[in-house]
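Produce the entire structure from the sequences given, and follow the hints as far as they go.
Residue numbers 1 to 347, in the working numbering, belong to the letters of the sequence shown in order.
Derived from the structure by calculation, the hints contain no laboratory data. One or more of the hints may lead you astray.
Quick list of the computed label-pair ranges, beta carbon to beta carbon [to be verified]:
| id | residue 1 | residue 2 | range |
| --- | --- | --- | --- |
| 1 | H88 | G291 | 40 to 46 Å |
| 2 | R287 | L221 | 18 to 24 Å |
| 3 | Y32 | T123 | 17 to 23 Å |
| 4 | R287 | L131 | 34 to 40 Å |
| 5 | L46 | G92 | 36 to 42 Å |
| 6 | H88 | T171 | 32 to 38 Å |
| 7 | L46 | M124 | 19 to 25 Å |
| 8 | S95 | Y276 | 37 to 43 Å |
| 9 | R52 | G92 | 38 to 44 Å |
| 10 | A49 | V134 | 21 to 27 Å |
Just so it is clear, CB atoms sit at the ideal spot from N, CA and C, and this is done for glycine as well.
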Amino acid sequence: MEIYFNLNSLSSSWIDYLICSLIALFIIPFLYSSPMLSVIGNAAVLVTAVLRPTSLKAAELLTVNLAVTDIGMALTMYPLSIASLFNHIWIGGDSSCLYYGLMGMIFSTASIITLTFQRHTITMIISGIWLYSVLWAVFPLMGWGGYGPEPFGVACSVDWASYQDSLNRSTFIMSLSILCTFIPCLIILFSYSGIAWKLHKAYQSIQSSDLNFFFRRLKILMAVFISSGFVVAWSPYVVLSFWRMFHTKDSLAPIVSMLPCLFAKGSTAYNPFIYYIFRRSFRSEVRQLKGIICCSAQPDSPSRGDTLEEGRQSVRSDVRQSLTDDKSGVSLVIRLGTAALDRPSEN
1 MEIYFNLNSL SSSWIDYLIC SLIALFIIPF LYSSPMLSVI GNAAVLVTAV LRPTSLKAAE
61 LLTVNLAVTD IGMALTMYPL SIASLFNHIW IGGDSSCLYY GLMGMIFSTA SIITLTFQRH
121 TITMIISGIW LYSVLWAVFP LMGWGGYGPE PFGVACSVDW ASYQDSLNRS TFIMSLSILC
181 TFIPCLIILF SYSGIAWKLH KAYQSIQSSD LNFFFRRLKI LMAVFISSGF VVAWSPYVVL
241 SFWRMFHTKD SLAPIVSMLP CLFAKGSTAY NPFIYYIFRR SFRSEVRQLK GIICCSAQPD
301 SPSRGDTLEE GRQSVRSDVR QSLTDDKSGV SLVIRLGTAA LDRPSEN
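Okay, here's the thing in C-alpha cells:
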C-alpha cells in the first residue's frame with residue numbers, strides 16, 4: 001500500500017486531457033453534491049423520526065438504521081476522498097487507507113444486511129447487523145484479508161487485486177463475497193419476488209378500490225425501489241472488483257475504475273427521495289420541519305408563534321386513515337385531527 005496513483009503523473013496526451021476534463025466537469029461536482037444530499041436527506045429522516053410523537057414500528061426502525069449507515073458513510077469517507085482528489089494524491093498513506101476501508105466495510109455491509117431483514121425482534125436484528133458488519137471490517141486488521149488503495153488513488157477498499165497472492169487473501173475475499181454480497185442479494189430477490197407474487201394473487205381476488213391493498217402495495221413498491229436501487233448502484237463495483245481479482249496484471253484507466261466506485265457511493269443519497277415520494281407521512285413531517293427551521297430563523301412575534309404552534313398541531317394531527325370490516329365489506333373510516341379546528345371532529 002505504499003504506492004498510490006498520482007494525478008500529476010498524467011502525461012500531456014489527449015486521453016489524459018480528456019480524463020482531467022471528466023474529473024473537473026463531473027467527478028468533482030458529484031463528490032460535492034452526493035455527500036451533501038446524503039447528509040441533508042438522511043438527517044431529515046432521523047430528525048423526523050426523533051420528533052415523531054408515536055413509537056416507531058419495526059419497518060420504520062430499519063429505515064432509521066439505513067439512514068444511519070448512509071449518513072455515516074457520507075461523513076466518514078467522502079471528506080477524505082475529496083481532500084485526496086484536490087491534493088492529487090492520497091492523503092495519510094497506509095493509516096488513512098486502513099481507516100477508509102474499515103468505514104466502507106462497516107457501513108456498506110450494514111446497509112445490505114439491513115435491506116435483508118424486514119421485521120420481527122427488531123432490536124436484536126439491528127444489534128446483530130452492526131456486530132456482523134464490524135466483525136467483517138475488523139478481520140483484515142487481524143490478519144485475514146487486507147485493505148488497499150483503489151486503482152484511481154483517492155479511495156481505499158478491500159484489496160481485491162491480492163486475491164491470487166495467498167490463500168489468506170483468497171479465502172477472505174471469497175467468504176466476504178458470498179456471505180456479505182451474494183447471499184443477502186439472493187434473500188432480497190426471493191423475498192420481494194414472493195411478496196410480489198402474493199400481491200398479484202391478492203389483486204385478482206379483491207376489488208381494486210380496496211385502500212388497504214393500495215397502501216400495502218405502495219409500501220412494497222417503496223421497499224423494492226430501495227433494495228433494487230442499492231443492488232443496481234453496487235453491481236458495477238462488484239463486477240469491477242471481480243475483474244481485478246482475476247486480472248491482476250492488467251490495468252484499467254483510472255477513470256474506468258473510479259466511476260463504478262462513485263456510482264456505488266452515490267447510493268447513500270437517493271433513499272430519502274424515495275421516502276418522500278412514497279410516504280405521505282414523511283412528506284408532512286418534512287414540511288413541518290421546514291416550517292420550524294424557517295420560522296425559528298425569523299424574529300419572534302406573538303401572532304407568528306401562535307400560527308406556528310397551530311401549524312405544528314395541525315400537521316401532527318394529519319388525516320389518519322384506517323380500514324374496518326363490517327357486514328357489507330370494507331368501509332373507510334377517516335378521522336380528522338382537531339388541533340387546528342374550532343370544533344371537535346366526529347368519528
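Is 19 to 25 Å a correct range for the gap between the Cβ atoms of L46 and M124? 21 Å, holds
For the hint 40 to 46 Å, verify it against the beta carbon of H88 and that of G291. 44 Å, holds
Given the hint of 34 to 40 Å, check if R287 and L131 actually sit that far apart at their C-beta atoms. For L131 against R287, whose Cβ atoms are near 37 Å apart, the range 34 to 40 Å holds.
Quick check: does the Cβ-Cβ distance between S95 and Y276 fall within 37 to 43 Å? 39 Å, holds
Regarding H88 and T171, is the given constraint of 32 to 38 Å on their beta-carbon distance met? Given about 36 Å between the Cβ atoms, the range holds.
So does L46 sit 36 to 42 Å from G92, Cβ to Cβ? 29 Å, violated
Is it true that the C-beta distance of A49 to V134 lies inside 21 to 27 Å, as the hint says? At 23 Å between Cβs, range holds.
Distance restraint evaluation - R52, G92, Cβ atoms, bounds 38 to 44 Å: Holds, at about 40 Å.
Between the beta carbons of R287 and L221, is the distance compatible with 18 to 24 Å? 22 Å, holds
Confirm or reject the claim that Y32 and T123 have a C-beta distance inside 17 to 23 Å. 37 Å, violated
The earlier numbered hints that this structure contradicts are 3 and 5.
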